[in-house]
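Undergrad: Mind docking chain B on chain A? Use the hints.
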Amino acid sequence: MAYSDKVVDHYNNPRNVGTLDKSSSEVGTGLVGAPECGDVMRLQIKVNPETQVIEDAKFKTFGCGSAIASSSLATEWIKGKNVEDALAIKNTDIVKELALPPVKIHCSVLAEDAIRAAIGDWKKKQAATESAPVAAQAK
Amino acid sequence: MEMEKKMSTNGNLPNGVKLPIYLDNHATTPLDPRVLEAMMPYFTGKFGNAASRNHQFGWEAEAGVETAREQIAKLIGATAKEIIFTSGATESNNLAIKGVAEMYKEKGNHIITAVTEHKAVLDTCKRLEKYGTRVTYLPVGADGLINLDELRNAITDKTILVTIMAANNEIGVLQPIDEIGAICKEKGIIFHSDAVQALGKVPLDVNKSNISIMSLTGHKLYGPKGVGALYVRRKNPRVQLSAILDGGGHERGMRSGTLNVPGIVGFGKACEIAMQEMPEESKRLKSLRDRLMNKLLGNLDETHVNGTMERHLPGNLNISFVYVEGESLLMGVNDIAVSSGSACTSATLEPSYVLKALGLGDDVAHSSIRFGIGRFNTEAEIDYVADRFIDTVKKLRELSPLYEMVKEGIDLSKIEWQTEGH
Chain A
3 MAYSDKVVDH YNNPRNVGTL DKSSSEVGTG LVGAPECGDV MRLQIKVNPE TQVIEDAKFK
63 TFGCGSAIAS SSLATEWIKG KNVEDALAIK NTDIVKELAL PPVKIHCSVL AEDAIRAAIG
123 DWKKKQAATE SAPVAAQAK
Chain B
4 MEMEKKMSTN GNLPNGVKLP IYLDNHATTP LDPRVLEAMM PYFTGKFGNA ASRNHQFGWE
64 AEAGVETARE QIAKLIGATA KEIIFTSGAT ESNNLAIKGV AEMYKEKGNH IITAVTEHKA
124 VLDTCKRLEK YGTRVTYLPV GADGLINLDE LRNAITDKTI LVTIMAANNE IGVLQPIDEI
184 GAICKEKGII FHSDAVQALG KVPLDVNKSN ISIMSLTGHK LYGPKGVGAL YVRRKNPRVQ
244 LSAILDGGGH ERGMRSGTLN VPGIVGFGKA CEIAMQEMPE ESKRLKSLRD RLMNKLLGNL
304 DETHVNGTME RHLPGNLNIS FVYVEGESLL MGVNDIAVSS GSACTSATLE PSYVLKALGL
364 GDDVAHSSIR FGIGRFNTEA EIDYVADRFI DTVKKLRELS PLYEMVKEGI DLSKIEWQTE
424 GH
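The listed protein sequences correspond, in order, to chains A and B. Following this note's numbering from start to finish, the first sequence increments by one per residue and tops out at 141. Following this note's numbering from start to finish, the second sequence increments by one per residue and tops out at 425.
No lab work stands behind these hints, which were simulated from the structure alone. A few of these clues could be false.
Said to hold, decoys possible - With a straight-line Cα cutoff of 25 Å, these simulated DSS-like cross-link-like pairs (lysine-lysine) come out:
id, chain 1, residue 1, chain 2, residue 2
1, A, LYS60, A, LYS81
2, B, LYS133, A, LYS24
3, A, LYS24, B, LYS410
4, B, LYS417, A, LYS127
5, B, LYS410, A, LYS48
6, B, LYS410, B, LYS398
7, A, LYS60, A, LYS125
8, B, LYS77, B, LYS397
9, B, LYS398, A, LYS60
10, A, LYS60, B, LYS417
11, B, LYS108, B, LYS133
12, B, LYS211, A, LYS60
13, B, LYS417, A, LYS126
14, A, LYS8, B, LYS398
15, B, LYS77, B, LYS238
16, A, LYS81, B, LYS398
17, B, LYS188, A, LYS60
18, B, LYS188, B, LYS211
19, A, LYS8, B, LYS397
20, A, LYS24, B, LYS286
Claimed, not checked - Some chain A residues well away from chain B (every beta-carbon gap over 10 Å; in silico):
id, residue
21, TYR5
22, SER6
23, THR21
24, VAL29
25, GLU38
26, THR63
27, ASP115
Even glycine gets a Cβ: it sits at the ideal position worked out from N, Cα and C.
If we strip away everything but chain A, and leave its shape as in the complex, we get (with noise of 0.2 Å):
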């Protein structure tokens, strides 16, 4: 099988690999996907509570090529976004950026949840620990 330069790319240099600290409040942890399955994706984001922007995103994925080239994308794309604008990425988008093969569109898929499920933790910890004043002055 053929792999896209920018799959290729991703592989021998994928961007923000790592670890943050998830028992931090600012950050957001999403582990999607299942040994069995052959893809296991861990995607972080560290974000400001000030501003909603995602300052540091992390992965680490076990899987095939194109399972990595998506998460490593994935991070350069939610650096720098607010959280908003990271949940309007879609799977698609990665798909058509690293053209990926129809036997490879779960990894974009994968990639989706993985950033669904880091925003949904982190904002889960927000409900939980934020008091009302700082919510309330997000809109």
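TA: Chain B only, in chain A's frame:
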């Protein structure tokens, strides 16, 4: 400058290593140049049809075929008349199993095989099940071998055939064919063995192992593709097969069709070479295999061998690099040709059924690589391959959330994974 640049890129490669490296010799093997040399006259000058009985062109072709029959028979302790030529192993397995099922249908309708057989055996059995044949699929242990007591217990008075491979194509384990043959002989049951991976790699003797029918192919032992054979026992007792292909009645009526003379001549030559060189070659391959295994296991944790090494093809090594997905590993070593047990490399989306039959979880099966070392591999290549795999596995484990979690002491089996929809 140009020269210097070139030198420096090559400078990273040790002496004797030329990329890409072929280490997938269970899939197929390169043709031995000596085999090609033997085949060449049969394409142009000696092009006759081996079935043409009344002119020299036919006689020459027939002579080439008969020499090959002798060479193949000799390698398995058979007589030349017991060798039937086919188009390859898939046809040989189909002919053996379907041929027995039809020929002996008055005697019974039960076949015994094993879950780790090649698809050419399993899918043939599955087709026969649609037409009323009963099939028992024996499990294998973690070592990859069938249990002889389970075989005995599976035999009924309706059992007409036991079909168990000599060597497995993925994990390289050698089934106990001597013992299986003895059981079949005692019970008066036909024993078919798919010996495609074993031929020319380990000694085979159809009489010692009481084999009734044996599937063989040329391209796994440095012969050409598209030519196979079936050993069909002629006495003690004689075995008969119903033909699948109807036609001119070639090959004792069991396989009609004009013979692939150059291919057959090459297959014969490949067997002759194997006969002479197997003792030395198997020692060399085993030493290369052990070198690779020791380097990988010595430098990587969470890495283990699949299938017993006690009964094993000399050139085979199947290893699970746990917490690294097989396809991503292959991508990182893309100048080395090996196979992966990962679903991602196949159209079926299921990881290797052979590895699963050993009791490996899907996640570990996804992490498995088959190395097939062959005649033309060198020690320098093996060292290069070991280093590349060690580096790539380490790099991918840096990327692996599973490896990190395990190192933190998290039990992965306790996590609720989201498996739906994937």
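Undergrad: Just double-check A:VAL29 for me: nearest Cβ-Cβ distance to chain B has to come out over 10 Å.
TA: About 15 Å separates A:VAL29 from the closest Cβ of chain B, which puts it past 10 Å; holds.
Undergrad: B:LYS398 and A:LYS60: Cα distance at most 25 Å?
TA: holds (16 Å)
Undergrad: For the pair supplied as a hint, B:LYS417 and A:LYS127, confirm whether the alpha-carbon distance does not exceed 25 Å.
TA: Roughly 23 Å between the alpha carbons, so the hint for B:LYS417 and A:LYS127 holds.
Undergrad: Take the C-alpha atoms of A:LYS24 and B:LYS286, compute the straight-line distance between them, and say whether it is at most 25 Å.
TA: violated (53 Å)
Undergrad: Is B:LYS211 within 25 Å of A:LYS60, Cα to Cα?
TA: Answer violated: B:LYS211 to A:LYS60 is near 62 Å, above 25 Å.
Undergrad: Going straight from one Cα to the other, do B:LYS410 and B:LYS398 come out at no more than 25 Å?
TA: Answer holds: B:LYS410 to B:LYS398 is near 15 Å, not above 25 Å.
Undergrad: Straight-line Cα separation of B:LYS410 and A:LYS48 no greater than 25 Å?
TA: holds (24 Å)
Undergrad: Is the hinted pair B:LYS77 and B:LYS238 satisfied, with a Cα-Cα distance of at most 25 Å?
TA: holds (17 Å)
Undergrad: Just to be careful, I want the Cα atoms of B:LYS133 and A:LYS24 compared with a cutoff of 25 Å; is the pair within it?
TA: violated (55 Å)
Undergrad: Between the alpha carbons of A:LYS24 and B:LYS410, is the straight-line distance 25 Å or under?
TA: Since the Cα atoms of A:LYS24 and B:LYS410 sit roughly 16 Å apart, the hinted pair holds (cutoff 25 Å).
Undergrad: Measuring Cβ to Cβ, find out whether A:GLU38 lies farther than 10 Å from everything in chain B.
TA: violated (4 Å)
Undergrad: Can you confirm whether the C-alpha distance between B:LYS77 and B:LYS397 stays at or below 25 Å?
TA: Status violated; Cα separation ~47 Å.
In this structure, the hints that do not hold are numbers 2, 8, 12, 17, 20, 21, 23, 25, 26, 27, in rising order.
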